[in-house]
Amino acid sequence: MAASMNLSVHRLAVLSQRTVISTFLNVSCRSGCRWRTSPGRCFSEGVEDRSTHFGFETVSEAEKAKRVYKVFENVAQKYDVMNDAMSLGIHRLWKDILLHAMHPQPGARLLDVAGGTGDIAFRFLDYVRYQRERQRLRAAQSSRTRSWQDGSDDDVTEDEPRASTAVVCDINLEMLKVGKQKADSMGISSGLSWVVGDAEELPFFDDQFDIYTIAFGIRNVTRIDQALQEALRVLKPGGRFMCLEFSKVTNPVLASLYDAYSFQVIPVLGEVIAGDWKSYQYLVESIRKFPDQEEFKNMIEDVGFCRVQYSNLSAGVVALHSGFKL
Amino acid sequence: MFRNVVSRLVTESVGVGRQVKHSEVVKSLTAGRASARSFTEATDEAQPPFDSSLLDFLVCPLSKKPLRYDAKTNELINEELGIAYPIVDGIPNMIPQDARLIKKDEPEQ
Chain A
1 MAASMNLSVH RLAVLSQRTV ISTFLNVSCR SGCRWRTSPG RCFSEGVEDR STHFGFETVS
61 EAEKAKRVYK VFENVAQKYD VMNDAMSLGI HRLWKDILLH AMHPQPGARL LDVAGGTGDI
121 AFRFLDYVRY QRERQRLRAA QSSRTRSWQD GSDDDVTEDE PRASTAVVCD INLEMLKVGK
181 QKADSMGISS GLSWVVGDAE ELPFFDDQFD IYTIAFGIRN VTRIDQALQE ALRVLKPGGR
241 FMCLEFSKVT NPVLASLYDA YSFQVIPVLG EVIAGDWKSY QYLVESIRKF PDQEEFKNMI
301 EDVGFCRVQY SNLSAGVVAL HSGFKL
Chain B
1 MFRNVVSRLV TESVGVGRQV KHSEVVKSLT AGRASARSFT EATDEAQPPF DSSLLDFLVC
61 PLSKKPLRYD AKTNELINEE LGIAYPIVDG IPNMIPQDAR LIKKDEPEQ
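As they're listed, the protein sequences go chains A and B.
Residues in the first sequence are numbered consecutively from 1, following the UniProt record's numbering.
Residues in the second sequence are numbered consecutively from 1, following the UniProt record's numbering.
It should be emphasised that the hints constitute simulated quantities derived from the structure, not laboratory data.
Being a predicted model, the structure only gives us computed values, none of them experimental.
Fair warning: there could be bad hints in the mix.
[Claimed, not checked] No more than 30 Å apart at the CA atoms, straight line, and that leaves these computed lysine-lysine pairs for DSSO-like: (1) Lys-65(B) <-> Lys-180(A); (2) Lys-72(B) <-> Lys-297(A); (3) Lys-72(B) <-> Lys-236(A); (4) Lys-64(B) <-> Lys-66(A); (5) Lys-65(B) <-> Lys-66(A); (6) Lys-66(A) <-> Lys-95(A); (7) Lys-78(A) <-> Lys-66(A); (8) Lys-236(A) <-> Lys-64(B); (9) Lys-182(A) <-> Lys-297(A); (10) Lys-72(B) <-> Lys-180(A); (11) Lys-278(A) <-> Lys-248(A).
[To be verified] Just a few of them, taken from the derived set where beta-carbon distance is under 7 Å, the chain A residues facing chain B: (12) Ala-85; (13) Gly-89; (14) Ile-90; (15) Ser-193; (16) Trp-194; (17) Val-195; (18) Asp-198; (19) Phe-204; (20) Phe-205; (21) Asp-207; (22) Gln-208.
We put the CB at the ideal spot given by N, CA and C, even for glycine.
Model the full structure from these sequences, guided by the hints.
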């Protein structure tokens, strides 16, 4: 009974999507078709008919979403441990670099999509808290009367009119649960929200967020152009889109070393630590299928972001793309 | 009976925060799973304020219209389309495929 309801809701979803998104499809397909298997398929009806890649396999789009869900459901508990093991802890540096590039100010609102276990959101909250402390310290040290920020200068951010908030959105409930448990154990209660949502269909009003981040998640999205359009929609004018993702290593010697490491070591680590060879095989394959730095930059520009730029981290193992909604 | 005792012991340690091994054991015990859910639901109902702040910017992903929080069923209702999004462990699930249809008749678009 639940299954039939799900089916009819899905049908409703497809029906409603078709009217709203058909125009988007026509626009996005022209840009997105560059990297699809056959342009003709873009205009076919129904999500199930189109094929895409799942690692090195070719699957239908509906199947990809399901399989990606399964991958992250399996790895959720061991996700953070595996990240540390696979990247030798360097993923922490990449995320720190993202935060420093972001340089959020107190009062900013962050949407972290595919945020899963909340790494970016936690760093964001720490950063704005630290910024606020610095500002307060500077204001206290100066002998002049305080600025307009004074008044409701409590330690608790929720009383202030412009409290920094972070919303973590992920398609996978298991990943969010792990993140929520981490937040509870760290004692973070205010300024952080968790929502299960699809990056291609965000459950938020337009023009809501100052910063949209997606760290190591966008390659798992079935229709990347759709996710980019949603990012543009929910950002405020002047808002920033930032994306951390694995990319192409520029140096050929390093590239072959990286390939060897990816295909020989990572799935083995996955089996030993998480007990899941296939998920980590998918992970390294999906990195290879993702467009390179320039191509992804073009995709972001095509959707409508301005001043798009990228910087390579760790010789191109990871690229940080950034764009503004102006 | 023994299974219930073991699962209750396990779920209490899950509540304390030891996630990794115990939750996997809990998952394997179907009875344990049900009691874990009721345990978390009890804490979940004690936190309705958590939900109302989200309603400021949370909308239905399909129609992009505001939602109504129903405390009884712990769901977010979209009146227009007649669908209800469940809230699990205080986390709203905004995936259209997971939403429940309120009206039994065919939805028209």
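ask   = Which hint numbers does the structure go against, in order from smallest to largest?
value = Hint check: 2, 3, 9, 12, 13, 14 and 21 fail, others pass.
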